[in-house]
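Colleague: One-letter residues, chain by chain:
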Amino acid sequence: MAKVGVYVCHCGTNIAGVIDVEAVRDYASGLPDVVIARKDLFMCSDSGQEMIKKDIKDGLVDRVVVAACTPRTHEPIFRAACEKAGLNKYLFEMANIRDQNSWVHGHDHAGATAKALKIVASAVGKARNLEPLEEKFVPVTDAALVIGGGIGGISAALELARMGHKTYLVEKEPSIGGVMAQLDKTFPTNDCSACILTPKMVEVYNHPNIVALTYSEVDDVSGYIGNFNVKVRRKQAYVDWVKCTGCGDCASKCPAKVPDRFNAGLSERRAAYIMFPQAVPKKAVIDIDNCLNCAGREIGTEPKVNAKTGKPILAPCEKACPAQAIDRSIAHDPQGEIVEIQVGSIVVATGFQVMEKDWFKEMAPASPNVITALQLERIISATGPSEGKLTRPSDHEKPHVISFLSCMGSRDEHFHSYCSRVCCMYMIKQARLLKEKYPDLVINMHFIDVRSAGKGYDEYYTGARAMGINIFKGKVGGLEMLPGDKLRVLAYDMEGATPIEYESDLVVLATAIELPGDAVSLAQKLGLQFCGSNFFRELHPKLGPVETAVEGLFLAGCCQGPKDIPDTVSQAKGAAAAAAVPLSQGQVKIEPIISEVHPEQCSGCGICAPLCPYHAISLDDYGGHPRAKIEMSACKGCGVCASACPSAAIVLHGYEDTQIFAQIEALTA
Amino acid sequence: MIIDQKKIDEAIETVIGYGGEHIRNCVQCGACSAVCPGVKAGFPLLCRSLIRQLLNGQLEEIIEDSSSWACQSCSRCTEICPRGVRPQEVVFAFRRYQANQLAFSTSSITSQMNLFQTGHAVFVDPKEARKKVGLPEEPPTSAYDEAAQKEIQTLINNSPMGELGLF
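Chain order of the listed sequences is A and B. Quick note: numbering that gives the first Met the number 0 has the first sequence finishing at residue 668, numbered continuously throughout. Quick note: numbering that gives the first Met the number 0 has the second sequence finishing at residue 166, numbered continuously throughout.
Hint data in this document are derived by calculation from the structure and do not stem from the laboratory. Hints may contain errors.
[As the list claims (entries may be wrong)] To give a feel for the contact side, a few chain B residues facing chain A, derived at Cβ under 8 Å:
#1 Ile-11
#2 Arg-23
#3 Cys-25
#4 Val-38
#5 Gly-83
For every residue, glycine included, the Cβ atom is placed at its ideal position computed from N, Cα and C.
Kindly produce the complete structure, drawing on both the sequences and the hints.
Modeller: Okay, here's the thing in structure tokens:
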């Protein structure tokens, strides 16, 4: 006979403000096998835990039910208390009467109390049938993977490498650097973005503990915390990177022109190209989708021979390459090469994209002089299409009036309801840089309100006002195209309560930050979840900001939500510290709440195997018959197999049939 | 102005009751007023500023203002609003409140009488113009159809408009 102790928590007024805690305690004391029922203001406090420990040590109880908040945050605390008092911690059961009861039924005290009785009865029913379980440990691969080579990924990789862990850094573009490499200067100190980023790029690329795999993507992930098997696809560059010196001769000879994504589409690059001057590694790739196959030089074919000279006719890129790094006769695999790596933990730092202007039909997207802020960043950058000179795209003339429009796609229920957090500040930065360089320029900035919460940010903003930049409170309603490539701005001055109309030469849209489209397939491979704003979901918004629901998988940077460079770097270093934990421990615990097959009961039908989302089930020989077998270390305890087994041969420990039926019985009594 | 929560609640509930149900979503960004032709024409209490006054509980204070009757129902405000306030519906809700309190703009009385009598809020005699271009003088509308006018009058008399006792 089990001796169940029930402990009901007030949780201050969180529970007791709605539910009659005394009535719940009274009721619990009358449930079968319940020997003690107590209550406390905060069961998670020291005194609350001591109460449980004392009852266990005194031999009064051997099953513990705490009716309180959520197991998500508090189960580990109470399990630890049981363990400390000498009780197997899996003999603990939690009844959630807060998140799933008092919080949602605040208007109905009697109903909530009645529901609490049922929840507690159900938990007691299960607790009476609990069995002790044992944890197991498996060794960890001492290596980490960082996905994404922007400033977030670079910071996380460096941190892990400095702690002594081998780290793989995977970047989909030919160079690391991310969006920060596209920026001109950074707020609020006006540091040159490239000047502070390039040393980090070089350091990460040359660090002895770091293997940087650029022009690569994660193809498949299997395994679990401590032992992930990752297939990385190294995309086909069609250039031998061992030989390539990054001279760029191939790019200068290549005739195929493509919009240059690095310059936000403002200029063209060649099909053979080096991403940008400070690229790390500085290697060329051939963008085969846009390659013209000059001289009929399809990849993997022999060159034609010049009838007069008898020499082979080569494509311009291979002819130009002084290092013989381009040989189009080689039958390169268009799929590239798969590299398999084993790692113990993974940091996802895949970053963001900014919305394109075409979404904003009211904002004259057809005008070349309406640009996104990222495009302006390229225009004012020394490595950009105009080499840092402010010109407007339509005629490459210097604009006299320039307008900044905030909240394009952010804080807007047609697009994204969230604030993109960086736009106010980068617009102010761009305006300040322009005003410094061109004092005659008329700069009009339109905000719903200016968000400058950060160290030194508000001073930076008020400084912009002092510099003579015009700041208007009020969102712009529309733009109209005028002759002479000008734009009429339809704005509003909130403080003066008056509409504003004026002509502008260049209009900059601060378009929203969002997760790139390809993040979805990565999320599927990794088992990541999305939050309401469609970014990757962290484990807990306050206390688990770098962790995810998948153990061993951590988040850093804008893939978790919009943030600026300081916040990204902070989070990346935090994610690196968290990712290093299993690596330094050397072993990881395997939860005993996993499924097990009773082979003597199994008919070998095989229904379970394809259902397992973790590929943990195979059919194995047992006494001459095929029988299901579950790989303990791969099982996550989801229970799909147990519920599907027609022979009831699979048991999910911690959720066994007797336990579940006891709960159902209590709930339906 | 004194902040009086009772007045604020009353103003908002009144507007919601008359169909401006999303007024509380407003963050006062002003995009509606940036595109509003009425605001441009100099009517002060349209869109953003009307909503501000209502959120401040100034329902009675602005009851005689004629701005709301200048709304052309072009709906550009509703189109551009990033918060789903549907400002045009707020303007119309405020108008309904004004009408129910018999706080009409004189400019609106004529159009309502026109509507009651001819079925057209704005009615200009078209006969001469039509004759010039060789069309039958009387267009086939309610303006020249007594039976249709009767129907319209019955409808209006049985609607909240009828209860105002204007006709």
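Colleague: Which hints from the list above does the structure break, by number from lowest to highest?
Modeller: 1, 2 and 3
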